[in-house]
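Number of protein chains: 2
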Amino acid sequence: MFDDKTPQRTSIAQLGEFGLIDHLTKNFQIGQPSTLKGIGDDAAVLDFKDKKVVVSTDLLIEGVHFDLAYMPLKHLGYKAVIVNLSDICAMNAVPTHITVSIAVSNRFPLEALEEFYQGIALAAKQYDVDVIGGDTTSSQKGLIISITAMGEADHDDIVYRNGANDNDLLVVTGDVGAAYMGLQVLEREKQVFQVNPNAQPDLEQYTYLVERQLKPEARKDIKPLLAALGVKPTAMIDISDGLSSEIMHLCKQSGTGCNVFEEKLPLDPQLINVCEEFNIDATTVAINGGEDYELLFAIALSDFDKIKGNPNLTVIGHMTKESEGLHLITRANMKIPLKARGWNALGEEK
Amino acid sequence: MFDDKTPQRTSIAQLGEFGLIDHLTKNFQIGQPSTLKGIGDDAAVLDFKDKKVVVSTDLLIEGVHFDLAYMPLKHLGYKAVIVNLSDICAMNAVPTHITVSIAVSNRFPLEALEEFYQGIALAAKQYDVDVIGGDTTSSQKGLIISITAMGEADHDDIVYRNGANDNDLLVVTGDVGAAYMGLQVLEREKQVFQVNPNAQPDLEQYTYLVERQLKPEARKDIKPLLAALGVKPTAMIDISDGLSSEIMHLCKQSGTGCNVFEEKLPLDPQLINVCEEFNIDATTVAINGGEDYELLFAIALSDFDKIKGNPNLTVIGHMTKESEGLHLITRANMKIPLKARGWNALGEEK
Chain A
581 MFDDKTPQRT SIAQLGEFGL IDHLTKNFQI GQPSTLKGIG DDAAVLDFKD
631 KKVVVSTDLL IEGVHFDLAY MPLKHLGYKA VIVNLSDICA MNAVPTHITV
681 SIAVSNRFPL EALEEFYQGI ALAAKQYDVD VIGGDTTSSQ KGLIISITAM
731 GEADHDDIVY RNGANDNDLL VVTGDVGAAY MGLQVLEREK QVFQVNPNAQ
781 PDLEQYTYLV ERQLKPEARK DIKPLLAALG VKPTAMIDIS DGLSSEIMHL
831 CKQSGTGCNV FEEKLPLDPQ LINVCEEFNI DATTVAINGG EDYELLFAIA
881 LSDFDKIKGN PNLTVIGHMT KESEGLHLIT RANMKIPLKA RGWNALGEEK
Chain B
581 MFDDKTPQRT SIAQLGEFGL IDHLTKNFQI GQPSTLKGIG DDAAVLDFKD
631 KKVVVSTDLL IEGVHFDLAY MPLKHLGYKA VIVNLSDICA MNAVPTHITV
681 SIAVSNRFPL EALEEFYQGI ALAAKQYDVD VIGGDTTSSQ KGLIISITAM
731 GEADHDDIVY RNGANDNDLL VVTGDVGAAY MGLQVLEREK QVFQVNPNAQ
781 PDLEQYTYLV ERQLKPEARK DIKPLLAALG VKPTAMIDIS DGLSSEIMHL
831 CKQSGTGCNV FEEKLPLDPQ LINVCEEFNI DATTVAINGG EDYELLFAIA
881 LSDFDKIKGN PNLTVIGHMT KESEGLHLIT RANMKIPLKA RGWNALGEEK
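Residue numbers (the numbering used here), protein chains in the order written: chain A, 581 to 930; chain B, 581 to 930.
Incorrect hints may appear among the rest.
Any copy, or any two copies together, can satisfy a pair, since identical chains are not distinguished.
The calculated SDA-like cross-link candidates involving lysine to any residue, where the alpha carbons are at most 20 Å apart (straight line), are [what the hints assert, rightly or not]:
hint : residue 1 : residue 2
1    : Lys629    : Asp734
2    : Lys631    : Asp734
3    : Lys629    : His735
4    : Lys844    : Gln612
5    : Lys915    : Pro613
Derived by calculation from the structure, the hints in this document are not laboratory data.
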């Protein structure tokens, strides 16, 4: 609805499967020294030398994970890469390679796929990852995207979910909730558009939220930042499924409880304004919203001075003994059990 | 139609996304020494030491790549793994790891997914590969499977598509065409079943063909076999997209032509009988059929004595100068241009 669709329509069937792959991937550059062979054989060949390899994969389905009514294809390609790189960053590793597979119904002309791959290529360039393979096929319905991301790290740098200790501080990068409210704004504009297709959406006061939804970034900067600060997290996780559910994962796998302080949650001023406009509680959005590609991690209390005041990092609480449970301490100093109502592609609460 | 569907139906929504992943993957064992961390964090962590890493990925869509009318889910899970391992074997590498992502519509009960994952687990066990990650989500229509396979090899063992020379011999493993005719048999039985649901298919005389279609194997045995024979192929490729199209890939990337001899094509006797019954030319099936997870490779002429008489390997022709083109020499000694009409998921000839 917001993108200016080009009138050109070249049928993908004209190119054939191999022609299509060649066409879409011909501009991808190989930049990683570890890539010995990228696209063009039965498999890519990589040489990680003495680095450890991290691998993550995600499947994105039209109508479940994205809506092309307000998601331009170039943004979608970019975001599909980011979603996967975020998981690599959450291991405190450096993203290096991705494979990109798509299935498309014949309603997509070649030009649409080109736009999608432009987004893939842009993300690959920005994040310095090589596109080393993939598959292109037809779907019975809609667009299906499957990306596998790989990264590398020294053994001692890798951070798992299960290493947090009682009394560790709980830290989140960036701010939370904006991507979810960006989606609410876009959903509202879609309703308006359906009633009046001539309405021009005015998104000026929502730019940050919409950008967080449509063009998120992965926190590739956190690994070097933490290294520069001399801090190694004890446990780390990506919070794209929702802050509260990921706090629960971190605590469960580390065998800890936690106290999270409502007043410490990092909220963008635009989020607060728009939550008021939508009459939604900003704290609920912040802890349950999801799609913020930020990192949540635990650090030793003794490292507090090293991160204090860094604009990228916010201490939102601390770990406790497992027996104490998981709690949110409200502004009114009420202690309430932390509940996960994270985003769930299977459509129900956990 | 052939499988005995269990009447149990547990809704996958009851489990939730994380519960579902936990449930389906809880029995997967880690066997590879290179797996430092499998399922359960943001990403798996692997240590390949001084081995090179090969990576391949495939996307399988219900209604495009498989038909659940005659493909039992356990077989489908098994085959989905094989499809990917075959690409690893085609690099002369050893498969080590897979990620498995699925999207399912809500018509699939939990028991169906369990059956599918039993097939995944069986293949993983048989081929000694670790399932190290994946994603489980809902689809708008049908079953979607995305698998990424990884393998390892010493640098000097890896075989690409582009190393064949003029005068090299062209060798294929196993036999060709059977998987395609197995599909024709199953399609015919499906038609019969649709007319008369009480008809019991008698597949006794088609067992080999049907097995090649429903439960193919990847040629993990070829790497050690060639090593034992003291032969390193100059170029290699998986022929699951059809023998002729893959011969063309091998020649194009190696900069050669070739002569392939019709009388040398390895055909199973059951294939010949069934092609007669179906009134289809067996040579056409053999070179264009596809879905035979066999390997095609080139070797130096001087290595002929080493492979001669091996029941797994058949010399089907030889490379020529590129300028001589690609030809099939018929039984009647006619030289006709080799054409690719390989399997193409986008539905047209290349």
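Tell me the hint numbers this structure goes against, listed in increasing order. Those not satisfied are hints 4, 5.
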